[in-house]
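Construct all of the structure, not just a fragment, from the sequences and the given hints.
Keeping their order, the protein sequence lines are chains A and B.
Oh and the first sequence: position 207 is 207 in our numbering, straight run, nothing missing.
Take any residue in the second sequence, note its place counting from 1, add 379, and you have its number in our numbering.
Just so you know, these hints were derived from the structure itself, not from any lab.
Derived pair list, reagent style SDA-like, types lysine to any residue, alpha-carbon separation capped at 20 Å:
hint	chain 1	residue 1	chain 2	residue 2
1	B	K383	A	G290
2	B	K381	A	Y345
3	B	K383	A	T213
4	B	K381	B	T423
5	A	K182	B	N399
6	A	K230	B	L456
One side of the interface only, derived from the structure: several residues of chain A facing chain B at Cβ under 7 Å:
hint	residue
7	P168
8	R291
9	N338
10	K353
Even for Gly, the Cβ is constructed at its ideal location relative to N, Cα and C.
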Amino acid sequence: MSRNQKELPMAGSDNAAECCPDPANSGDSYLALEANWLSGQLETAAGPVWRVDTTLNRKDQVDAIKMRLGIGRMSFAVPPGLYAAGNPDDASPVIVSANYKLSFDSLRREFSGLNLWILVLDTGGINVWCAAGKGTFGTAEVVRMVEASNLSEIVSHRALILPQLAAPGVAAHEVRNQAGFKVIYGPVRAADIPGFLNAGLKARPEMRRKSFTLAERLVLAPVELVGIIKPLIGVAVILLLLNLIASFLGDGRFSLTFVLGSTISALLPFVLAVVVGTVLVPALLPYIPGRPLAWKGWLLGVLLAFAYTTVIAPGITLLETAAYYLVLPAITAFLGMNFTGSTTYTSLSGVVKEMGVALPLIMISAGLGLIGLGAAYFV
Amino acid sequence: MKFKYLPNVTTLDLDQSKCNGCGMCLVVCPQEVFSFNEKVSSITDRDACLECGACARNCPQGAIRVRAGVGCAYAVLMDKFNLKGSCCNDSCGCSLEDIADR
Chain A
1 MSRNQKELPM
11 AGSDNAAECC
21 PDPANSGDSY
31 LALEANWLSG
41 QLETAAGPVW
51 RVDTTLNRKD
61 QVDAIKMRLG
71 IGRMSFAVPP
81 GLYAAGNPDD
91 ASPVIVSANY
101 KLSFDSLRRE
111 FSGLNLWILV
121 LDTGGINVWC
131 AAGKGTFGTA
141 EVVRMVEASN
151 LSEIVSHRAL
161 ILPQLAAPGV
171 AAHEVRNQAG
181 FKVIYGPVRA
191 ADIPGFLNAG
201 LKARPEMRRK
211 SFTLAERLVL
221 APVELVGIIK
231 PLIGVAVILL
241 LLNLIASFLG
251 DGRFSLTFVL
261 GSTISALLPF
271 VLAVVVGTVL
281 VPALLPYIPG
291 RPLAWKGWLL
301 GVLLAFAYTT
311 VIAPGITLLE
321 TAAYYLVLPA
331 ITAFLGMNFT
341 GSTTYTSLSG
351 VVKEMGVALP
361 LIMISAGLGL
371 IGLGAAYFV
Chain B
380 MKFKYLPNVT
390 TLDLDQSKCN
400 GCGMCLVVCP
410 QEVFSFNEKV
420 SSITDRDACL
430 ECGACARNCP
440 QGAIRVRAGV
450 GCAYAVLMDK
460 FNLKGSCCND
470 SCGCSLEDIA
480 DR
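And the structure:
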């Protein structure tokens, strides 16, 4: 642990306190015990600096899976401070990073064979894009960390390379005024950094675009699915109760197999709606006609309702059929709308406009449909 | 492929008379909304704007205005009903937004 890092106040924690657990309060002990992504120290004019591994080990990979599943994500924060990759000297470039472990890992993985400095900010364990939007990856934090790390004693140049996606939070001209360092916005993707460095800090146009490929859309599905499990369990409990009541009202005899069987078959369309809304909508996003995401979700929901009522459960009553046409598209529309938070191209104004129309319709449709489904148990 | 969201909604506004042609907005925009027209920036793909605010924040001339925010329905919903959780927490996919990136 360099003395600089030791002296760092855990700033940003006022921000962190209001919404997120303080990610890096373990400080020293974390570095000593947990950080097996470090490999020794480097002596500098401003004291020792930790060197990072440029290969990801097994624990890093397990951590990544946990983070993508949304399990204890906040415990994966990198302690802020200056780190070294390879053997940097006073002329080596300085790359600025958020302290979200996934971001940090995808960064250092690209640095094998390179000699550079990595300045990790305290973004509350949150990635660049979200932290920049919230201002935690902001001008003040960049200036603070440049000073706290004594960077001007360690490097002779006065340039920082920031991820382009930090630009919503960082004013390049103000960093220059306040810290004396010029901000150069690097590529959007970490994988493009070596190419960016080789090209003399020039980003090709495609390095500046924020892509949203099939893989990038689908990698978000697990965390959305995990998030939806709780409400789904709620639905399962309600269905179980309904089936219990219906079983007693029916012939007065209680049959566990009947109750469980009918609960599971009643739950199936809801599970399908969740899968359609969280996996199929993102996967087919560019191919579903129309722009509002709630609309895209609704369209697939109608297809699901059609498939369910004609192929999977063709024997159901007209009331149930109508109810499923109201409920299932409402669920997928809501999940589609929710996906706006995961996209890379939706604007606040657009989301507000879309929600103004979609949300009341979703609530009415879901409400009517649920009443219909409930009623179907007793008619 | 460039995704496009709803047309005619962005609050983006550029005052070309203030522009000094530094080109910062072209650099920071992840959606290629701007291009140069005779050494002055101009908005050439307005509907691609996602209101991230990078251009306005990095314009040394203060020539760009935009109501910056996060286009996330969950956050808007939480905000509307004044609930906690409008920021990134474990239930918010938004922190995984730029997943393959950094």
